[in-house]
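Protein chains: 2
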Amino acid sequence: MTAQVIPPRSGTAFVLQRGQRLTVIDPEGEQVSDMVAFALEDQDEAISSGRTLDYASRLFLTAGDPLYSNRSRVMLQIERDDVGRHDFLLTPCSADTFRIIYGHDRPHRGCLGNLAEALAPWGIGEDRIPVAFNIFMHVDIDGTSGALKVLPPKSRAGDRIVFRAETDLLIGLTACSAEQSNNFAFKPIHYRID
Amino acid sequence: MTAQVIPPRSGTAFVLQRGQRLTVIDPEGEQVSDMVAFALEDQDEAISSGRTLDYASRLFLTAGDPLYSNRSRVMLQIERDDVGRHDFLLTPCSADTFRIIYGHDRPHRGCLGNLAEALAPWGIGEDRIPVAFNIFMHVDIDGTSGALKVLPPKSRAGDRIVFRAETDLLIGLTACSAEQSNNFAFKPIHYRID
Numbered sequence: 001m002t003a004q005v006i007p008p009r010s011g012t013a014f015v016l017q018r019g020q021r022l023t024v025i026d027p028e029g030e031q032v033s034d035m036v037a038f039a040l041e042d043q044d045e046a047i048s049s050g051r052t053l054d055y056a057s058r059l060f061l062t063a064g065d066p067l068y069s070n071r072s073r074v075m076l077q078i079e080r081d082d083v084g085r086h087d088f089l090l091t092p093c094s095a096d097t098f099r100i101i102y103g104h105d106r107p108h109r110g111c112l113g114n115l116a117e118a119l120a121p122w123g124i125g126e127d128r129i130p131v132a133f134n135i136f137m138h139v140d141i142d143g144t145s146g147a148l149k150v151l152p153p154k155s156r157a158g159d160r161i162v163f164r165a166e167t168d169l170l171i172g173l174t175a176c177s178a179e180q181s182n183n184f185a186f187k188p189i190h191y192r193i194d
Numbered sequence: 001m002t003a004q005v006i007p008p009r010s011g012t013a014f015v016l017q018r019g020q021r022l023t024v025i026d027p028e029g030e031q032v033s034d035m036v037a038f039a040l041e042d043q044d045e046a047i048s049s050g051r052t053l054d055y056a057s058r059l060f061l062t063a064g065d066p067l068y069s070n071r072s073r074v075m076l077q078i079e080r081d082d083v084g085r086h087d088f089l090l091t092p093c094s095a096d097t098f099r100i101i102y103g104h105d106r107p108h109r110g111c112l113g114n115l116a117e118a119l120a121p122w123g124i125g126e127d128r129i130p131v132a133f134n135i136f137m138h139v140d141i142d143g144t145s146g147a148l149k150v151l152p153p154k155s156r157a158g159d160r161i162v163f164r165a166e167t168d169l170l171i172g173l174t175a176c177s178a179e180q181s182n183n184f185a186f187k188p189i190h191y192r193i194d
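So the sequences go chain by chain: A and B.
If you use full-length UniProt numbering, the first sequence corresponds to residues 1 to 194, in order.
If you use full-length UniProt numbering, the second sequence corresponds to residues 1 to 194, in order.
Just so you know, these hints were derived from the structure itself, not from any lab.
Even for Gly, the Cβ is constructed at its ideal location relative to N, Cα and C.
A portion of the hints provided could be inaccurate.
Stated by the list, open to error - Every beta carbon over 10 angstroms from chain B, so not counted as near; a handful from chain A, in silico:
(1) 8
(2) 18
(3) 41
(4) 49
(5) 56
(6) 60
(7) 80
(8) 142
(9) 151
(10) 154
(11) 170
(12) 192
Said to hold, decoys possible - Label pairs and their computed distance ranges (CB to CB):
(13) A:18 <-> B:192: 48 to 56 angstroms
(14) B:63 <-> A:184: 29 to 37 angstroms
(15) B:18 <-> A:158: 46 to 54 angstroms
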């Protein structure tokens, strides 16, 4: 499969079957991609930051780490990771994010709105979109004060991460819409299914 | 209202109306209480770690901090906090937690099972229980490696935290069932609604 393009500030959704690999590529560098996953058979089963971080005993995940569902099943396994820094703490940016954090009067709908539109054919609305695995998102953490700071991604042009599906999945994926997360320039994201 | 008792390794659920205060007390010290919250009118709106941490730009919340829902509305405000260290990263402990982390053959159902039973009258099952605000839970964080370590709570006998409800809520609350979280002794939790 040739690479698919997610244009800047947009999102998509697709089926990823058990055993298939999803490669997410940052074609220009410093661009985040929010990823959510649902079990295809029963979409009440969704990717869970809280389960995954608990089992990993680590905030930062990379090659070799599994991503668990709310039912404690492994949904995805990270097979390759060129960057080594992603976020699994924060929800997708949304109109409310832009209103509350950025003070925008007419806010963009953000990754939340983009994911909800892409997932609508499967009946998944905004309320059910969980904390995303925010690929390439660089959140600096002060372990003493707990302060979080969103820094430019460490990804450079062509860097990629590869996931293997451990069960049949519905994936939502974006080219992130938030200024801070992408060093104030919106770029596309590429992906490939093999 | 006199204090209600949540016995060791159990949970409860109750309505907390807008303007009411919920006081959660650790009567013996070093005991965690997992709290979840749903909007009473529409239980698809639930407490959201990802929204709250994003808006706070901080992992550790205390007096003065609001807890947001997945719809970016303030559900609860922390009014008083004797301890100053709680967790908002991890999902409630469950049979799977005890199986995966502790290697138990016949695992306890944990806070997840206790919350699901307590919330069943409102039609809320395990799948819909989000990352909890884990009152008094002490998770040490290494900001460089991202390593998480569950330490004994900093709470001493009689320490409390007070929340004010900003909208009508359904609350789930436990006396936590996980060994590590409670320094390997299971104790009750007390709470009061005023």
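So which hints don't hold here, by number, going up? Violated hints (numbers, rising): 4, 5, 6 and 8; every other hint is consistent with the structure.
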